[in-house]
Amino acid sequence: MSVVIQADQLTSVRAGRTLFAQLSLQLNAGHILHIEGPNGAGKSTLLRIIAGLLRPQEGQVRLFGQPQRDDPELWQRQTLFIGHKPAVKAELTALENLHFQAQLDGAGAIDPWQLLETVGLLGLEDIPAQQLSAGQQRRIALARLWYSPATLWILDEPFTALDTRGIDMLHQRFAEHLERGGALLLTSHQPLTWSGERLQKLRIEPQDEEFVDELS
Amino acid sequence: MSLVETNSRCSNQASTFALLRVIMRRDLAVTLRRRSDVINPLLFVVIVVTLFPLAVGPGPDILARIATGVIWVAALLSALLGSERLFRDDYLDGSLEQMTLLPVPLAVLALGKILVHWLLSGLPLVILAPLCALLLKLPFEAWGVLMLTLLLGTPMLSAMTAIGAALTVSLGRGGALLSLLLLPLFIPLLIFAAAAVESTLVGTSALGQVLLLAGLMVLTLTLAPLAVAAAIRVSVN
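The listed protein sequences correspond, in order, to chains X and F.
First residue of the first sequence: 1, per the numbering used here; consecutive thereafter.
First residue of the second sequence: 1, per the numbering used here; consecutive thereafter.
Keep in mind the hints are simulated off the structure, nothing from the lab.
No residue lacks a Cβ here, since even glycine has one placed at the ideal position from N, Cα and C.
Each statement offered as a hint is correct.
One side only, chain F facing chain X, incomplete, derived with CB under 10 Å:
hint: 1; residue: Ala18
hint: 2; residue: Leu19
hint: 3; residue: Arg21
hint: 4; residue: Ala29
hint: 5; residue: Gly94
hint: 6; residue: Ser95
To list a few chain F residues with every Cβ distance to chain X over 12 Å, as calculated:
hint: 7; residue: Leu51
hint: 8; residue: Ile127
hint: 9; residue: Lys137
Using the sequences and the hints given, assemble the complete structure.
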C-alpha cells in the first residue's frame, strides 16, 4: 500500500495562537482521511499547509516521500485543492467557467457540455455565475473532480450548500476516486455516509489559550 | 462515470505557455464583460484633457506648452482608477490561490495578467492620444513622439500598478494607499516622456529619451512579474 501523503510533527501558529502542535498524519492510496474539529481548530489551515499554500512553523509534509520544498511542481501536478472560495468567475457563465477551469487543469480535451450535464447544471449554461445559487456555484467548482487526474484531493468543506442529491453524487465520485487508487483528504461538519476501513479520522482539538512569542 | 480514464499517477501535464494563454483569455473574457471598467478610465482622460482649455484659456501657446504634461498626468491618474480591482476579484473568489497552485511559475502568469491589463487600458490610451493632442493643440510634428512615449510608458504603468495591486489586495480598502504608493514611482516615467516630446518641439532629436524609456520598459517588464508573484504569495497567506 503506497503512502500518498505523510506529515510529520506539524506545528502551526496563526496570529500568536497555536492552532495545533506536533501533529502527524499519514494517508495511503485508496483511503480517505476525514479531519474533524470545532470551528477555529485549524482544519482549514492544516489543509492549506498540505496543499502548499501555507508554510508550517515546524515540521514537514511529504508527497510520495518527496518533501514539499524539493519539488513544488510535482506537488502542484499531483494535488487538487478546492477551498472555501469556489474560484468561479462571477462574470462568466457556468459553461465558460467549466471550459477555462478544465484547460487550467490540463484537461482541455474534456467536453464542457458533458461536464455540465454530469454536475446537473444543464439548462443553466448561459447564465452568469453570479446569478446562480451558492449550491450551483459549488457544483461548478466541484466539477473539477470529474476529470481531475490528481492523485490527492484536498477538499475543504466540499458539501457546503449542496443538496442531498449533490452530496450523494459526490460520495459516488469519491468512491470512484478511491477505487482508482486516489487519496482524499477532507474536512466536513456533516457526517460522512462512509464507513469501513477506507475511512480514517483525525480530530483536531483546539489548544489551550496559550500565547506564544511569534519570533520564537 | 469518470470522463477520462486515468491511472493513479497521471497528472496535470499542461505546459506553461498553454496555461498562460488560458489565464489571459479568461482575464480578457471577464474584463470585457465589465465594459464600464474598461471605458471609464478612457473617458476620464478625455474629460480631464478637455477641462484644461476651459481652465487656462484656449490660447494655443499655453495649451501646446502644457499639452504633454496634461496628457501624461491624466494617463497616470487613469491608471490608478480601478487599479485595485486588478487582483481584487481573483482574490475574493479564490482564483488567485488556485493560480499559485498551478504547475507553472507564478511570475509567468503575473506577466499574462499585466499584458491583458495593458491591452485593455494602455493600448486604448495610445490610440486615444491623437484626439487628446488635437484638443490641446499640440503641434502635429510632436504627435508621433507622444504616441511613442505612451506606447513605451503604458506597459510600465500596468506593470507597476500590478505590483501595487498585488501588495494591497488583501487589505480591505487599499485604494488610497495604492495611489500614494504608486504615484512617486511614476516620476521617472513622467520626466523622460515629457522630455522626449519637449525636445521634438524645440527641434532636436528625442532618440535619447525614447531609448531610455524603452530600456526602462524592458527592465520593468522583466522584474515586475517576479515582484507581483512574490506579493501574491504573501497576500494569499
